[in-house]
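**Student:** The chain contents come next:
Number of protein chains: 2
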Amino acid sequence: MAVTVVGSVAFDSLETPFGKRDRVLGGAATHFSLAASFFTDVYVVGVVGDDFGDEELTVFAARSVNVDDLERVPGARSFHWSGRYEDDMTVAHTLDTQLNVFADFDPELSPQAASASVLFLANIQPDLQRRVRRQCREATIVGLDSMNYWIGSARESLIETMREVDVVTLNDAELRMLTGEPNLARAARKLRDLGPRVALVKQGPYGACMFTEDGFFSIPAYPLETVIDPTGAGDSFAGGCFGYLDSLGDPDPPDDAFRAAAVYGSVLASFVVEDFGSERLQRLEEDEISARFAEFKRMMTFGEPARA
Amino acid sequence: MAVTVVGSVAFDSLETPFGKRDRVLGGAATHFSLAASFFTDVYVVGVVGDDFGDEELTVFAARSVNVDDLERVPGARSFHWSGRYEDDMTVAHTLDTQLNVFADFDPELSPQAASASVLFLANIQPDLQRRVRRQCREATIVGLDSMNYWIGSARESLIETMREVDVVTLNDAELRMLTGEPNLARAARKLRDLGPRVALVKQGPYGACMFTEDGFFSIPAYPLETVIDPTGAGDSFAGGCFGYLDSLGDPDPPDDAFRAAAVYGSVLASFVVEDFGSERLQRLEEDEISARFAEFKRMMTFGEPARA
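Protein chains in written order, with the numbering used here: chain A, 1 to 308; chain B, 309 to 616.
Do not rely on the hints blindly, as some may be mistaken.
[Unchecked claim] Pairs of lysine to aspartate or glutamate, EDC-like flavour, derived with a Cα cap of 20 Å:
id: 1; chain 1: B; residue 1: 498; chain 2: A; residue 2: 88
id: 2; chain 1: B; residue 1: 328; chain 2: B; residue 2: 396
id: 3; chain 1: B; residue 1: 605; chain 2: A; residue 2: 255
id: 4; chain 1: B; residue 1: 605; chain 2: A; residue 2: 295
id: 5; chain 1: B; residue 1: 498; chain 2: A; residue 2: 225
id: 6; chain 1: A; residue 1: 190; chain 2: B; residue 2: 396
id: 7; chain 1: B; residue 1: 605; chain 2: A; residue 2: 304
id: 8; chain 1: A; residue 1: 297; chain 2: B; residue 2: 521
id: 9; chain 1: B; residue 1: 605; chain 2: A; residue 2: 256
id: 10; chain 1: A; residue 1: 297; chain 2: B; residue 2: 563
id: 11; chain 1: B; residue 1: 605; chain 2: A; residue 2: 213
id: 12; chain 1: A; residue 1: 190; chain 2: B; residue 2: 533
id: 13; chain 1: B; residue 1: 498; chain 2: A; residue 2: 87
id: 14; chain 1: A; residue 1: 297; chain 2: B; residue 2: 603
id: 15; chain 1: A; residue 1: 297; chain 2: B; residue 2: 522
Think of the hints as simulated: they come from the structure by calculation, not from any bench.
Produce the entire structure from the sequences given, and follow the hints as far as they go.
**Tutor:** Structure below.
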């Protein structure tokens with residue numbers, strides 16, 4: 001069993017109310033793969049420049065993430081995103097985006113990466129997502145993320161790609177934009193009518209929720225008193241979710257599996273925001289994950305007390 | 309056992325994407341008392357004009373709500389609010405507010421109403437809330453709601469009143485405004501530091517959450533595909549919550565009781581928005597409440613499936 005993720009591996013320059021960091025290791029595929037690595041084997045498919053060095057590779061190696069499909073282009077520079085968060089920490093303001101090597105990204109997967117049982121198409125151009133999806137013929141669970149930019153500029157291609165996946169993860173604003181439907185339950189139904197059996201809706205500081213044939217499931221955000229840097233929360237959420245799903249070894253997981261997966265995703269997301277970039281995931285321990293999973297259970301459990 | 313609620317009893321003129329209604333029965337104390345009436349005896353303390361007639365009184369009578377403390381001022385008109393909701397249904401745009409009789413509201417409670425075991429101070433001027441609170445010497449659980457207007461214009465009085473209650477219900481924007489703290493967990497801690505043991509935070513379309521000494525609890529909103537009119541959701545939430553709490557007959561309820569109460573509150577809120585004004589609560593049946601309570605449980609429950 002293994003998860004393959006395709007997406008950005010990047011440097012991020014970040015400003016939050018808690019400080020600034022220049023060129024920390026980031027990108028959707030980075031956060032995803034580090035989070036997923038706590039549950040299963042991970043292949044990361046991406047492209048970097050020769051500014052990407054041993055220091056960065058060591059981060060992946062420390063979590064046993066396979067980087068054979070991480071292409072390194074000589075004489076070129078890696079994708080670099082600069083962003084700022086204001087006090088409420090919910091909206092990322094992009095200061096600068098330099099695609100660099102990412103502009104011509106069009107991967108041919110190695111046989112190993114192409115034979116993964118679970119595939120996650122992180123937020124990249126939808127044609128590219130579809131080409132990768134078609135290379136992974138053995139994948140039994142395929143997830144897809146996207147963003148407002150592609151919904152606006154490549155809508156038809158995105159919808160065509162969504163028809164070939166099982167799970168779509170979007171945030172609630174993106175889901176409303178995609179479906180033109182302000183009501184979340186209706187929007188999720190419209191999305192599922194396109195093909196995906198699971199709509200996994202990220203709600204930022206409110207947590208996440210999931211719509212499946214069996215019904216609705218909601219997970220709160222972990223009530224952290226200090227969020228240092230929200231970057232990577234959505235990708236770590238997906239990483240925890242799909243990593244856990246793969247670890248079950250079930251090609252057709254029941255609703256319960258998707259629920260537990262969404263909680264593990266929320267657990268990983270709750271850790272990544274505790275520090276800049278992927279620093280928290282780099283020092284995360286497995287027993288911290290189990291402890292926080294149990295805390296999520298406690299945050300969501302209720303019964304009726306005895307009457308006096 | 310009984311709950312006393314003090315607050316507005318009003319006529320509302322409403323515009324939502326689903327239609328218009330002129331002068332329907334509304335007001336915080338109305339929605340609260342109808343919701344609470346499914347769980348316990350309710351005394352409603354308020355004031356109306358002589359435009360308030362048998363038709364309106366019948367609504368309270370049908371749910372056995374005691375209206376002996378609902379003062380009727382001859383030759384005057386009832387509080388009248390006009391508002392509009394746009395497509396996303398989360399923000400009420402006030403078109404007109406006519407306080408009328410409500411401007412001089414300063415109730416002396418009957419001995420019956422003053423001896424209730426649970427008291428809810430709906431959103432009115434904080435000095436007035438405090439005067440009512442001090443009349444109810446036997447109340448063992450006191451809740452308070454407020455709004456941005458009082459946080460801005462009567463902040464010190466509001467804080468003084470909060471020191472004398474057990475539970476504060478605010479929405480998340482109000483809580484941030486009150487505490488000056490963008491992070492929800494910190495804001496809730498600051499609120500609880502003022503005195504209330506429970507911070508019950510309403511999050512509109514995201515549901516609600518609760519902070520107590522024992523920890524954090526989160527309840528999703530029921531995923532309705534059609535919300536006809538959000539007016540009264542917060543007050544019905546409080547009504548279900550405090551009505552249920554009173555029904556337990558426990559002067560010092562454990563954390564579990566507050567959790568179940570918050571779920572019952574969410575159940576009542578999920579019904580009221582299914583129709584204009586209080587129309588849905590007027591035809592609500594007890595078995596619908598239990599069925600939806602069970603659905604909330606299902607929406608929040610997860611376990612780990614067996615591994616293959």
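**Student:** When you check the alpha-carbon spacing of residue 297 of chain A and residue 522 of chain B, does it fall within 20 Å?
**Tutor:** Holds - the C-alpha atoms of residue 522 of chain B and residue 297 of chain A are around 14 Å apart, at most 20 Å.
**Student:** Can the restraint linking residue 498 of chain B and residue 87 of chain A be considered satisfied, given a maximum Cα separation of 20 Å?
**Tutor:** 17 Å, holds
**Student:** Checking one constraint from the list: CA of residue 328 of chain B to CA of residue 396 of chain B, max 20 Å. Satisfied?
**Tutor:** 16 Å, holds
**Student:** Mind checking the alpha carbons of residue 297 of chain A and residue 521 of chain B for me, to see if they're no more than 20 Å apart?
**Tutor:** Holds, because 17 Å separates the two Cα atoms, which is no more than 20 Å.
**Student:** Between residue 297 of chain A and residue 563 of chain B, does the CA-CA distance stay at or below 20 Å?
**Tutor:** 15 Å, holds
**Student:** Residue 605 of chain B and residue 304 of chain A: Cα distance at most 20 Å?
**Tutor:** Given pair residue 605 of chain B, residue 304 of chain A holds - Cα atoms ~11 Å apart, limit 20 Å.
**Student:** Would you check the hint for residue 605 of chain B and residue 213 of chain A, treating anything up to 20 Å between C-alpha atoms as holding?
**Tutor:** 17 Å, holds
**Student:** Is the hinted pair residue 605 of chain B and residue 295 of chain A satisfied, with a Cα-Cα distance of at most 20 Å?
**Tutor:** With a Cα-Cα distance of about 17 Å, the restraint between residue 605 of chain B and residue 295 of chain A holds, given a limit of 20 Å.
**Student:** Checking one constraint from the list: CA of residue 498 of chain B to CA of residue 225 of chain A, max 20 Å. Satisfied?
**Tutor:** 11 Å, holds
**Student:** Take the C-alpha atoms of residue 605 of chain B and residue 256 of chain A, compute the straight-line distance between them, and say whether it is at most 20 Å.
**Tutor:** With a Cα-Cα distance of about 14 Å, the restraint between residue 605 of chain B and residue 256 of chain A holds, given a limit of 20 Å.
**Student:** Straight-line Cα separation of residue 498 of chain B and residue 88 of chain A no greater than 20 Å?
**Tutor:** With Cα atoms ~17 Å apart, residue 498 of chain B and residue 88 of chain A stay inside 20 Å; holds.
**Student:** Given the hint that residue 190 of chain A pairs with residue 533 of chain B, test it: the Cα-Cα distance must not exceed 20 Å.
**Tutor:** 11 Å, holds
Going down the numbered hints, you'll see the structure goes against none, and every one checks out.
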